[in-house]
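Going line by line, the protein sequences match chains A, B, C, D, E and F.
Be aware that the first sequence starts at 1, since it is given in the numbering used here, and climbs by one per residue.
Be aware that the second sequence starts at 1, since it is given in the numbering used here, and climbs by one per residue.
Be aware that the third sequence starts at 1, since it is given in the numbering used here, and climbs by one per residue.
Be aware that the fourth sequence starts at 1, since it is given in the numbering used here, and climbs by one per residue.
Be aware that the fifth sequence starts at 1, since it is given in the numbering used here, and climbs by one per residue.
Be aware that the sixth sequence starts at 1, since it is given in the numbering used here, and climbs by one per residue.
Take these hints with a grain of salt, some might be off.
To be verified - Label pairs and their in silico Cβ distance ranges:
hint, chain 1, residue 1, chain 2, residue 2, range
1, E, Gly-135, D, Thr-77, 39 to 45 Å
2, C, Gln-80, A, Asp-3, 44 to 50 Å
3, A, Gly-141, E, Glu-148, 27 to 33 Å
Unchecked claim - Some chain A residues flagged as far from chain F (calculated, every beta-carbon gap over 12 Å):
hint, residue
4, Gly-13
5, Lys-65
6, Ser-114
7, Ile-137
In short, the hints are calculated from the structure, not lab data.
Since the model is a prediction, treat every value here as computed from it, not as a measurement.
Each residue gets a CB set at the ideal place from its N, CA and C atoms; glycine is no exception.
6 protein chains.
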Amino acid sequence: MFDDGTYLIDVEGEKVGEINGLAVVGSGQYSFGKPSKITVSSYRGKAGLINIEREARTSGSLHDKGVMIISGYLGHTFAQDKPLALTASIVFEQLYSGVDGDSASSTELYALLSSIAEVPIKQSIAVTGSINQRGEIQPIGGVNEKIEGFYRVCRLKGLTGDQGVIIPHQNVQT
Amino acid sequence: MFDDGTYLIDVEGEKVGEINGLAVVGSGQYSFGKPSKITVSSYRGKAGLINIEREARTSGSLHDKGVMIISGYLGHTFAQDKPLALTASIVFEQLYSGVDGDSASSTELYALLSSIAEVPIKQSIAVTGSINQRGEIQPIGGVNEKIEGFYRVCRLKGLTGDQGVIIPHQNVQT
Amino acid sequence: MFDDGTYLIDVEGEKVGEINGLAVVGSGQYSFGKPSKITVSSYRGKAGLINIEREARTSGSLHDKGVMIISGYLGHTFAQDKPLALTASIVFEQLYSGVDGDSASSTELYALLSSIAEVPIKQSIAVTGSINQRGEIQPIGGVNEKIEGFYRVCRLKGLTGDQGVIIPHQNVQT
Amino acid sequence: MFDDGTYLIDVEGEKVGEINGLAVVGSGQYSFGKPSKITVSSYRGKAGLINIEREARTSGSLHDKGVMIISGYLGHTFAQDKPLALTASIVFEQLYSGVDGDSASSTELYALLSSIAEVPIKQSIAVTGSINQRGEIQPIGGVNEKIEGFYRVCRLKGLTGDQGVIIPHQNVQT
Amino acid sequence: MFDDGTYLIDVEGEKVGEINGLAVVGSGQYSFGKPSKITVSSYRGKAGLINIEREARTSGSLHDKGVMIISGYLGHTFAQDKPLALTASIVFEQLYSGVDGDSASSTELYALLSSIAEVPIKQSIAVTGSINQRGEIQPIGGVNEKIEGFYRVCRLKGLTGDQGVIIPHQNVQT
Amino acid sequence: MFDDGTYLIDVEGEKVGEINGLAVVGSGQYSFGKPSKITVSSYRGKAGLINIEREARTSGSLHDKGVMIISGYLGHTFAQDKPLALTASIVFEQLYSGVDGDSASSTELYALLSSIAEVPIKQSIAVTGSINQRGEIQPIGGVNEKIEGFYRVCRLKGLTGDQGVIIPHQNVQT
Chain A
1 MFDDGTYLID VEGEKVGEIN GLAVVGSGQY SFGKPSKITV SSYRGKAGLI
51 NIEREARTSG SLHDKGVMII SGYLGHTFAQ DKPLALTASI VFEQLYSGVD
101 GDSASSTELY ALLSSIAEVP IKQSIAVTGS INQRGEIQPI GGVNEKIEGF
151 YRVCRLKGLT GDQGVIIPHQ NVQT
Chain B
1 MFDDGTYLID VEGEKVGEIN GLAVVGSGQY SFGKPSKITV SSYRGKAGLI
51 NIEREARTSG SLHDKGVMII SGYLGHTFAQ DKPLALTASI VFEQLYSGVD
101 GDSASSTELY ALLSSIAEVP IKQSIAVTGS INQRGEIQPI GGVNEKIEGF
151 YRVCRLKGLT GDQGVIIPHQ NVQT
Chain C
1 MFDDGTYLID VEGEKVGEIN GLAVVGSGQY SFGKPSKITV SSYRGKAGLI
51 NIEREARTSG SLHDKGVMII SGYLGHTFAQ DKPLALTASI VFEQLYSGVD
101 GDSASSTELY ALLSSIAEVP IKQSIAVTGS INQRGEIQPI GGVNEKIEGF
151 YRVCRLKGLT GDQGVIIPHQ NVQT
Chain D
1 MFDDGTYLID VEGEKVGEIN GLAVVGSGQY SFGKPSKITV SSYRGKAGLI
51 NIEREARTSG SLHDKGVMII SGYLGHTFAQ DKPLALTASI VFEQLYSGVD
101 GDSASSTELY ALLSSIAEVP IKQSIAVTGS INQRGEIQPI GGVNEKIEGF
151 YRVCRLKGLT GDQGVIIPHQ NVQT
Chain E
1 MFDDGTYLID VEGEKVGEIN GLAVVGSGQY SFGKPSKITV SSYRGKAGLI
51 NIEREARTSG SLHDKGVMII SGYLGHTFAQ DKPLALTASI VFEQLYSGVD
101 GDSASSTELY ALLSSIAEVP IKQSIAVTGS INQRGEIQPI GGVNEKIEGF
151 YRVCRLKGLT GDQGVIIPHQ NVQT
Chain F
1 MFDDGTYLID VEGEKVGEIN GLAVVGSGQY SFGKPSKITV SSYRGKAGLI
51 NIEREARTSG SLHDKGVMII SGYLGHTFAQ DKPLALTASI VFEQLYSGVD
101 GDSASSTELY ALLSSIAEVP IKQSIAVTGS INQRGEIQPI GGVNEKIEGF
151 YRVCRLKGLT GDQGVIIPHQ NVQT
């Protein structure tokens, strides 16, 4: 899937409003991590944050909660003086099975900020981690599988030595 | 159906806001591709993109997701300076069985752009392929059946030598 | 029902915003065509096209789709320069069993145009036929039963020699 | 219920925005007609016609359809030059069992017109009958039980000789 | 519950926008009346009457209908010349089991009027009774249990000789 | 969970718009109290109070009712002269199991007021208690388990001598 180009993912270069998120697929002995391209389109409008997965009924409650927490963070940080006038749509590209959990909420926020500020994100770095309304990172589960998943994709696409993963500091074990 | 004029489809000439999409009907040994006329009406308004299939409860989650991705692409591309003031309705004409999947999202985007820009589309070309929020084409399934389906319709309607199919480059096998 | 005046239907004269639509009731050996008075009220407002059957949960998906296609046609045809500022409600009068299918969508459009333009429609003519977003007529089923149904009502109400039925050209068999 | 004052109903005098509607309760051998006080409150606002029974989930589809037909009639008749700016709420007072059917739609329209125009309605007259978007009266069922029901209430409250019932002309049998 | 201060209720003094409503809990031989503190908060806004129980899915259809009738009464009485610009939220405090029926609608209206006009209500008086869109009181059920229920609370809190109950005149038996 | 830093909670210092709420988890013999970080983001907007748990379908009816009571209190207290122009989102951070009951409504109000006024809250104090539309505290259940729960977290994080719990006065037993 990743090696035949069926699944569009970049592990090199920089892109605005695009990021590699990490999700866990399967369970127990055979669970593995699957990187997902998350994209954000932000533009003039008043609709605020559009969680496309929610609109398409492919989002679970905890993913919805995560996106609304991002929205609260955004208002708290940028709308103290005047209201946000923004439409931004978030989506997991080529994800056909639905999404749940909040383990991508920090990742979604980074793609959103990249899109709004037009600051590119290194595609060589995949990100996982939950976030709260104050922008603090919260730990998530399945960190090893997620790292291995991204490593596997990079190996297929070509290891550059620059590739890596950002995980919550609480998930780091020394 | 196609030869007795019951199903309205053009395989010659040019039309604005109309395109031949390709869907797969049936499964396994007996699956075949059925071309569908997709039309878009765009006009003054503020409703944005109206997915008629969704409003009529004849659209599945993945088709809904595809149309919302088109909407994100549209905002990203054309609404950086001022909000879109547009109503556009997309429909699969004479489709009575409902639609799902994202394999027509690029096709729907082309019909939308044709309608907005009033640029005609060659009806001799049928299109299949998924699209992401950045406008990148993503591969789809059942490509052979879809090509055969359009060929069959063209043979019935009259082969002109100009007819063909646009498929995602990832689906091309050499 | 038609002969005792229980069911209000005109087969003579002209009326604005009223038309005789043709629906098929029953199935197989005993199916028959039942004419229905469709009325449209159009007036100042911003609600657009109101499908009363949908609001009352007496409309199926395919009928809903048909009315939204009319709405797309209307915008495409009349709202290129400025938005439509119109409220128009469509209803099948004295229909207590619900409606589905798109075989009355052209009929509904004619009643709508009659109401907006205040141009009367001959009540001696009943109409059946589906329509797409470009205003092209699409064929429908049960044409014979529908013609017979209207003929039966005309016979009861009084044959004038001016009565007839408009059907899609694709349904004409020579 | 009617004789001990539990159920508030007037069979004498005049009132604005209030009318005696006639509904059939029960079925077959033991069906009987029960008069219901229908009231309308109309005032400044933009909400249009509020069908309180619908909002309270005590209204069936056919009753909903009837109220929307009244709304279409109202727009057709009074909003050709400028939009209606009106809020009006319709309710069956002291009806705890829900309402369905369109046999009170003309009655509801009269109460509405009375409320808007501040013209009183004789409470000695009870009304039944369906109406279409053009304001034409349509026949209804159970006319005898309804007449008997109102007669019974009048007898309990005191026969004045002025009391009567308005029924659709199609329901009159000579 | 009432004697240990768990349930907040006043049976002396005056308060704005607060009233003691009477509901019947249980059924048959063991039914008893439970007084409930109803509060209304009214303030600047455009949301109209907010039935908090409905928003929280703790309100039955008949209670919803009752609150909408209050809303109709309010518009009829105060919005003939200009639209109401008001937000007011009604709630049964410390009621965890949900509410149905219209036996508190007059009570709710009094609390609403008290809140809007800033006129205090005597907490020594509990109220029960339904109301229609014209502000007429309608009788309710379980009047004895309700009176006994309030008496019991007053006895626990301290009988002052000023305490009493307002019931619909139709419920008075001499 | 609390000692390994998985669950983000502060039991020292001060923060704006953040508070330690107390919920009861489990039941009977093995029930225990689990402190939850509640955060509020308030900013310019017109959406009013956003109950994120409700939007994510992780909130029960009684929790919804509690948040709407806070909203009524807010309007009553601050919007007598002009409408509130405020968006504020409330969430239980890192709560994946949903929330019900009104035992955190006073807690949520304090976090809201802290966020609006930018006045910090001592994180050494955890709060439990229900509130009504007048801002009066109402007693709640499981007070001992809640106190023990917060004590346990403080012991793990480090007892400072300043830590404590605010409970409804009705829950105090002497």
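Hints, verified against the model:
no., hint, result
1, E:Gly-135 / D:Thr-77: 39 to 45 Å, "violated (30 Å)"
2, C:Gln-80 / A:Asp-3: 44 to 50 Å, "holds (48 Å)"
3, A:Gly-141 / E:Glu-148: 27 to 33 Å, "violated (57 Å)"
4, Gly-13, "holds (34 Å)"
5, Lys-65, "violated (4 Å)"
6, Ser-114, "holds (21 Å)"
7, Ile-137, "violated (9 Å)"
When each numbered hint is compared with the structure, violations occur for hints 1, 3, 5, 7.
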